[in-house]
Amino acid sequence: MAAGTVAAELRELSEEELVTKLREAKAELFNLRVQSATGQLDNNRRLQVVRREIARIYTIMRERELGLSAAPTEVTAS
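First residue of the sequence shown? That's 9 in the numbering used here, and the numbers climb one at a time after it.
These aren't lab readings, by the way, just hints derived from the structure by calculation. The beta-carbon is built from N, C-alpha and C at its ideal position, and this holds for glycine as well. Some hints could be false.
Think about it this way: if two alpha-carbon atoms lie no more than 25 Å apart in a straight line, the pair counts; the simulated SDA-like pairs of lysine to any residue are [claimed, not checked]: (1) K29 <-> L55; (2) K34 <-> R60; (3) K34 <-> E17; (4) K29 <-> L40; (5) K29 <-> R72; (6) K34 <-> N51; (7) K34 <-> R19; (8) K34 <-> Q56.
Estimated spans, in silico, between C-beta atoms of each pair [unchecked claim]: (9) A78 <-> L49: 18 to 26 Å; (10) E20 <-> L74: 31 to 39 Å; (11) K34 <-> P80: 17 to 25 Å; (12) A78 <-> N51: 31 to 39 Å; (13) L74 <-> G47: 36 to 44 Å; (14) N51 <-> G75: 36 to 44 Å; (15) A16 <-> L49: 23 to 31 Å; (16) R59 <-> A16: 27 to 35 Å; (17) Q48 <-> R19: 33 to 41 Å; (18) G47 <-> G75: 25 to 33 Å; (19) E32 <-> R72: 15 to 23 Å; (20) T28 <-> Q56: 16 to 24 Å.
Please construct the entire structure, taking both the sequences and the accompanying hints into account.
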């Protein structure tokens, strides 16, 4: 995959980290769209990669909401 995030890596993140990752991806998508509109975009493929990453994040969040998968539990060293 071209510079995207693998779903397995996303599943290891907590809810807060997923929300942060989602915000970053949406901001990047906005910037890529602006670059595309002004003719400054060098890599058109990056638009698709970022859109798919956003979809993966939403899918994982929905799976957790439905109880199909669980967020990783914090392991404390004793």
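Hint check results:
Taking the CA atoms of K29 and L55, the gap is about 16 Å. The hint holds against a cut of 25 Å. Only pairs whose Cα atoms come within 25 Å are accepted, and K34 paired with R60 is accepted, the gap being roughly 11 Å. The hinted pair formed by K34 and E17 meets the criterion: a straight-line CA distance of about 18 Å does not exceed 25 Å. A threshold of 25 Å between alpha carbons decides the hint, and for K29 with L40 the separation of about 16 Å falls inside it, so the pair holds.
Distance hint between K29 and R72 is fulfilled; the C-alpha atoms sit about 16 Å from each other, no more than 25 Å. Distance check on the hinted pair: K34 and N51 sit about 17 Å apart at the alpha-carbon level, within 25 Å; holds. Proposed proximity of K34 and R19 is supported: the alpha carbons are some 19 Å apart, at most 25 Å. Annotation: proposed proximity of K34 to Q56 holds, straight-line Cα distance about 12 Å (limit 25 Å).
A hinted range of 18 to 26 Å is violated for the C-beta pair A78 and L49, which are about 38 Å apart. A hinted range of 31 to 39 Å is violated for the C-beta pair E20 and L74, which are about 19 Å apart. For the pair K34 and P80, the beta carbons lie near 23 Å from each other, so the given range of 17 to 25 Å is met. The hinted range of 31 to 39 Å is satisfied by A78 and N51, whose Cβ atoms lie roughly 36 Å apart.
At roughly 42 Å, the beta-carbon separation of L74 and G47 lies within the given 36 to 44 Å, and the hint holds. In this structure the hint that N51 and G75 lie 36 to 44 Å apart at CB holds, the actual value being about 38 Å. The beta-carbon spacing between A16 and L49, approximately 29 Å, falls within the hinted interval of 23 to 31 Å. Separation of R59 from A16 is about 19 Å and departs from the stated range, judged on CB atoms against 27 to 35 Å.
In this structure, Q48 and R19 meet the distance hint of 33 to 41 Å, their C-beta atoms being roughly 34 Å apart. Between G47 and G75, the C-beta spacing of about 46 Å breaks the proposed range 25 to 33 Å. Here the CB-CB span from E32 to R72 is close to 19 Å, well matched to the stated 15 to 23 Å. Separated by about 22 Å at the C-beta atoms, T28 and Q56 satisfy the suggested range of 16 to 24 Å.
Checked against the numbered hints above, the structure breaks hints 9, 10, 16 and 18 and satisfies the rest.
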